[in-house]
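My request is simple: use the sequences and hints to build the entire structure.
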Amino acid sequence: MTSPTRSPTAAGAPAGPVIEVKDAGIRFRRNRRGRRTFKDLFSGQSRRLRPNEFWALRDVSFTVRPGEAIGVVGRNGQGKSTLLKLVAEVVLPDEGAVSVRAGVAPLIEITGGFVDDLTVRENVYLTAGLHGMQRREIDERFDEIIEFAEIGDFLDTPYKHLSSGMKVRIAFAVISRLEEPILLVDEVLAVGDRGFREKCYARIQELLDGGRTLFFVSHSERDLRRFCTRGLYLDRGRLALDAPIDEVLARYAADTGA
Amino acid sequence: MRATGSRRYRQILWLLTTRDLKVRYSTSALGYLWSILDPLVMAAIYWFVFTQVFQRDVGEEPYIVFLLSALLPWMWFNGAVGDSTRAFLKEAKLVRSTKIPRTIWVNRLVLSKGIEFLFSIPVVAVFAIFGGASVTPGLALLPVAILLQAILTAGVGLIVAPLVVFFRDLERAVKLALRFLFYASPIIYSTHNLPAGLHTWAAFNPLSGVFSLYRSAFFASELDWYLVGVGAAMSVLLFGIGLAVFRRTERAVLKEI
Ligand SMILES: Nc1ncnc2c1ncn2[C@@H]1O[C@H](COP(=O)(O)OP(=O)(O)OP(=O)(O)O)[C@@H](O)[C@H]1O
Ligand SMILES: [Mg+2]
Numbered sequence: 001m002t003s004p005t006r007s008p009t010a011a012g013a014p015a016g017p018v019i020e021v022k023d024a025g026i027r028f029r030r031n032r033r034g035r036r037t038f039k040d041l042f043s044g045q046s047r048r049l050r051p052n053e054f055w056a057l058r059d060v061s062f063t064v065r066p067g068e069a070i071g072v073v074g075r076n077g078q079g080k081s082t083l084l085k086l087v088a089e090v091v092l093p094d095e096g097a098v099s100v101r102a103g104v105a106p107l108i109e110i111t112g113g114f115v116d117d118l119t120v121r122e123n124v125y126l127t128a129g130l131h132g133m134q135r136r137e138i139d140e141r142f143d144e145i146i147e148f149a150e151i152g153d154f155l156d157t158p159y160k161h162l163s164s165g166m167k168v169r170i171a172f173a174v175i176s177r178l179e180e181p182i183l184l185v186d187e188v189l190a191v192g193d194r195g196f197r198e199k200c201y202a203r204i205q206e207l208l209d210g211g212r213t214l215f216f217v218s219h220s221e222r223d224l225r226r227f228c229t230r231g232l233y234l235d236r237g238r239l240a241l242d243a244p245i246d247e248v249l250a251r252y253a254a255d256t257g258a
Numbered sequence: 001m002r003a004t005g006s007r008r009y010r011q012i013l014w015l016l017t018t019r020d021l022k023v024r025y026s027t028s029a030l031g032y033l034w035s036i037l038d039p040l041v042m043a044a045i046y047w048f049v050f051t052q053v054f055q056r057d058v059g060e061e062p063y064i065v066f067l068l069s070a071l072l073p074w075m076w077f078n079g080a081v082g083d084s085t086r087a088f089l090k091e092a093k094l095v096r097s098t099k100i101p102r103t104i105w106v107n108r109l110v111l112s113k114g115i116e117f118l119f120s121i122p123v124v125a126v127f128a129i130f131g132g133a134s135v136t137p138g139l140a141l142l143p144v145a146i147l148l149q150a151i152l153t154a155g156v157g158l159i160v161a162p163l164v165v166f167f168r169d170l171e172r173a174v175k176l177a178l179r180f181l182f183y184a185s186p187i188i189y190s191t192h193n194l195p196a197g198l199h200t201w202a203a204f205n206p207l208s209g210v211f212s213l214y215r216s217a218f219f220a221s222e223l224d225w226y227l228v229g230v231g232a233a234m235s236v237l238l239f240g241i242g243l244a245v246f247r248r249t250e251r252a253v254l255k256e257i
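Same order as they appear, the protein sequences are chains A and B. Number 155 in full-length UniProt numbering belongs to position 155 of the first sequence; there are no gaps in the numbering. Number 162 in full-length UniProt numbering belongs to position 162 of the second sequence; there are no gaps in the numbering.
Since the hints were made in silico from the structure, they are not lab data. If you're wondering where the values come from, they're calculated on a predicted model, not measured in any experiment. Every residue, glycine too, gets a C-beta built ideally from N, C-alpha and C. It is possible that some hints are incorrect.
The calculated lysine-lysine pairs, modelled on DSSO-like cross-linking and capped at a C-alpha distance of 27 angstroms, are [unchecked claim]:
{"id": "1", "chain 1": "B", "residue 1": "Lys255", "chain 2": "B", "residue 2": "Lys90"}
{"id": "2", "chain 1": "B", "residue 1": "Lys90", "chain 2": "A", "residue 2": "Lys199"}
{"id": "3", "chain 1": "B", "residue 1": "Lys99", "chain 2": "B", "residue 2": "Lys255"}
{"id": "4", "chain 1": "A", "residue 1": "Lys160", "chain 2": "B", "residue 2": "Lys90"}
{"id": "5", "chain 1": "B", "residue 1": "Lys93", "chain 2": "B", "residue 2": "Lys175"}
{"id": "6", "chain 1": "B", "residue 1": "Lys90", "chain 2": "B", "residue 2": "Lys22"}
{"id": "7", "chain 1": "B", "residue 1": "Lys90", "chain 2": "B", "residue 2": "Lys175"}
{"id": "8", "chain 1": "B", "residue 1": "Lys22", "chain 2": "A", "residue 2": "Lys199"}
{"id": "9", "chain 1": "B", "residue 1": "Lys22", "chain 2": "A", "residue 2": "Lys22"}
{"id": "10", "chain 1": "B", "residue 1": "Lys22", "chain 2": "B", "residue 2": "Lys99"}
{"id": "11", "chain 1": "B", "residue 1": "Lys175", "chain 2": "B", "residue 2": "Lys255"}
{"id": "12", "chain 1": "B", "residue 1": "Lys175", "chain 2": "A", "residue 2": "Lys160"}
{"id": "13", "chain 1": "A", "residue 1": "Lys22", "chain 2": "B", "residue 2": "Lys90"}
{"id": "14", "chain 1": "B", "residue 1": "Lys22", "chain 2": "B", "residue 2": "Lys93"}
{"id": "15", "chain 1": "B", "residue 1": "Lys22", "chain 2": "A", "residue 2": "Lys160"}
{"id": "16", "chain 1": "A", "residue 1": "Lys160", "chain 2": "A", "residue 2": "Lys199"}
{"id": "17", "chain 1": "B", "residue 1": "Lys22", "chain 2": "B", "residue 2": "Lys255"}
Some chain A residues judged to face chain B by a derived CB distance under 7 angstroms, without partners named [what the hints assert, rightly or not]:
{"id": "18", "residue": "Glu95"}
{"id": "19", "residue": "Val98"}
{"id": "20", "residue": "Val100"}
{"id": "21", "residue": "Glu109"}
{"id": "22", "residue": "Gly113"}
{"id": "23", "residue": "Asp117"}
Shown next, in the form of structure tokens:
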């Protein structure tokens with residue numbers, strides 16, 4: 001069922017868009033304390049907004065072709081992470097549709113699958129497996145993963161005893177080895193030291209050169225320019241601008257600088 | 001392409017189940033013993049109370065076999081439903097970061113507790129041998145009992161797990177309901193021991209049918225097709241309701257955790 005090389009490049013990849021987001025909207029509750037009733041839990045997807053809910057994203061539409069590198073910008077709380085989660089399909093839209101036609105390697109909450117009481121080695125097999133890698137593939141890539149994370153001496157240490165930087169390292173190493181055609185990156189590299197961050201960027205660049213599709217959320221203009229060609233500017237839950245990255249950054253700067 | 005559909009589902013179920021076993025064995029020395037010690041101690045208590053203290057006139061002889069043949073499956077049901085109250089809360093980080101089919105968070109509990117149950121079956125066998133109970137052709141119904149219980153347990157878990165995310169009080173309510181259900185189900189007694197008027201109603205507790213099947217392995221008279229029939233219908237119904245509840249609430253669960 002798995003082909004040994006899942007090269008994401010043009011060969012065999014669908015010619016159409018890999019990601020299609022159409023009129024997508026998602027709403028959240030503003031306050032957790034508010035009373036929740038069985039009725040509103042089961043009342044399905046009405047387009048009506050109930051009291052104390054707001055649209056975190058609404059009427060967002062765009063398509064992504066294979067190999068595009070997209071940067072998502074916007075002020076805090078404008079829905080960037082939410083958009084990435086929609087694409088990762090870890091949350092579902094309340095209206096509209098999100099269709100993702102290729103596998104996703106989500107660098108979002110990357111340490112999520114790691115278990116404190118298991119060793120680094122066990123965790124690598126576990127997390128890679130949960131993201132769909134076959135055992136044989138993990139065997140093949142195991143050394144690469146460990147080498148990338150540079151924690152060869154700690155293979156049999158329980159995960160909980162690693163430093164927080166080391167935790168992120170091993171998690172990044174695993175997820176970025178998933179060889180999925182779509183890569184989602186949401187400000188995960190903040191913890192790594194400078195050397196490691198550079199290494200991660202080099203890895204992302206390598207994946208991009210290999211034809212991956214990238215979705216990149218960052219507040220760093222430099223990083224955005226470095227990787228992305230197209231930008232999405234989110235403002236108050238709307239897709240305010242979908243244009244080449246320079247244009248998007250200029251607009252964003254103008255909006256915030258004013 | 002990655003493995004898809006049911007193959008991937010099973011693969012992930014397996015990964016999570018072995019993960020839990022590894023965690024258990026890496027952090028506790030007695031590991032497997034705990035999963036049989038618990039029912040054994042409970043069985044010992046009931047055996048003592050009902051055969052040594054009171055003059056028992058319920059159940060069958062040998063009582064310890066009678067007791068264990070329902071107590072062990074009860075442990076499975078109780079453990080899986082009890083744990084399903086935390087199915088999402090405990091794994092929140094994983095649920096938020098992977099798009100694993102969400103019913104897995106419940107089904108894996110049913111599976112891992114079910115495996116524990118299978119491993120504890122030798123305990124009944126030992127008591128049966130030393131207690132002088134003999135197996136009846138009803139033993140052939142064991143797989144049916146297991147299947148039926150799996151459907152029932154998954155159904156209840158699928159209802160409980162998402163609702164607890166929104167109504168945290170349910171966590172304690174479920175624990176209380178389980179304690180009630182323990183006495184309301186034919187575990188320390190048999191459905192035959194109930195007053196005739198209650199017998200009809202007992203069938204609507206699907207556990208009556210399930211336990212009747214298990215017990216028929218040793219006690220032919222315990223097999224009651226009326227209980228089994230109604231219990232099976234109830235189990236399938238609950239499973240259907242569970243799936244529906246789960247579908248309807250999934251979206252909201254993902255936002256909430
Ligand atoms: N699970 C949730 N429940 C309720 N509200 C949420 C949830 N997730 C996000 N929100 C709200 O949705 C809005 C958008 O959040 P999001 O995390 O997408 O912002 P962001 O653009 O990533 O911000 P930042 O730059 O700070 O990372 C915020 O107002 C946030 O409070
Ligand atoms: Mg964010």
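We went through each hint and held it up to the structure:
1. Between Lys255 of chain B and Lys90 of chain B the alpha-carbon distance is near 15 angstroms, which keeps this suggested pair within the 27 angstroms criterion.
2. Using a Cα cut-off of 27 angstroms, the hinted pair Lys90 of chain B and Lys199 of chain A is violated, with the two alpha carbons roughly 33 angstroms apart.
3. Note on Lys99 of chain B and Lys255 of chain B: the hinted pairing holds, with a Cα-Cα distance of about 14 angstroms set against a maximum of 27 angstroms.
4. Only pairs whose Cα atoms come within 27 angstroms are accepted, and Lys160 of chain A paired with Lys90 of chain B is accepted, the gap being roughly 17 angstroms.
5. The straight-line distance between the Cα atoms of Lys93 of chain B and Lys175 of chain B is roughly 25 angstroms, inside the 27 angstroms bound, and the hint therefore holds.
6. This hinted pair checks out: Lys90 of chain B and Lys22 of chain B have alpha carbons roughly 17 angstroms apart, not beyond 27 angstroms.
7. Pair hint Lys90 of chain B plus Lys175 of chain B holds up; C-alpha atoms about 17 angstroms apart against a cutoff of 27 angstroms.
8. Our distance criterion of 27 angstroms between C-alpha atoms is broken by Lys22 of chain B and Lys199 of chain A, whose separation comes to about 33 angstroms.
9. A threshold of 27 angstroms between alpha carbons decides the hint, and for Lys22 of chain B with Lys22 of chain A the separation of about 43 angstroms lies outside it, so the pair is violated.
10. Restraint check: the Cα-Cα separation between Lys22 of chain B and Lys99 of chain B comes to about 23 angstroms, which is no more than 27 angstroms; the hinted pair holds.
11. Under the criterion of a C-alpha separation no larger than 27 angstroms, the hint pairing Lys175 of chain B with Lys255 of chain B is consistent with the structure, at around 26 angstroms.
12. Proposed proximity of Lys175 of chain B and Lys160 of chain A is contradicted: the alpha carbons are some 31 angstroms apart, above 27 angstroms.
13. A threshold of 27 angstroms between alpha carbons decides the hint, and for Lys22 of chain A with Lys90 of chain B the separation of about 33 angstroms lies outside it, so the pair is violated.
14. As the CA atoms of Lys22 of chain B and Lys93 of chain B are separated by approximately 19 angstroms, the hinted pair is consistent with the 27 angstroms bound.
15. With a CA separation close to 15 angstroms, the supplied pair Lys22 of chain B and Lys160 of chain A stays within the 27 angstroms bound.
16. Of the supplied pair hints, the one linking Lys160 of chain A and Lys199 of chain A holds, its CA atoms being roughly 24 angstroms apart against a limit of 27 angstroms.
17. As the CA atoms of Lys22 of chain B and Lys255 of chain B are separated by approximately 30 angstroms, the hinted pair breaks the 27 angstroms bound.
18. Given the 7 angstroms rule on beta carbons, the hint for Glu95 of chain A is violated: about 11 angstroms separates it from the nearest Cβ of chain B.
19. Interface hint at Val98 of chain A: violated, since its Cβ lies 12 angstroms from the closest Cβ of chain B, which is beyond the 7 angstroms cut-off.
20. Interface restraint check: Val100 of chain A against chain B, minimum CB-CB distance 9 angstroms, threshold 7 angstroms, status violated.
21. The closest approach between the C-beta of Glu109 of chain A and any C-beta of chain B is roughly 4 angstroms, which is under the 7 angstroms cut-off, so the hint is satisfied.
22. Satisfaction of the interface hint for Gly113 of chain A is found here, the shortest Cβ-Cβ separation to chain B being roughly 5 angstroms, below the 7 angstroms cut-off.
23. Hint on Asp117 of chain A holds. Least Cβ distance to chain B is approximately 5 angstroms, under the 7 angstroms limit.
When held up to the earlier numbered hints, the structure conflicts with 2, 8, 9, 12, 13, 17, 18, 19, 20 and fits the remainder.
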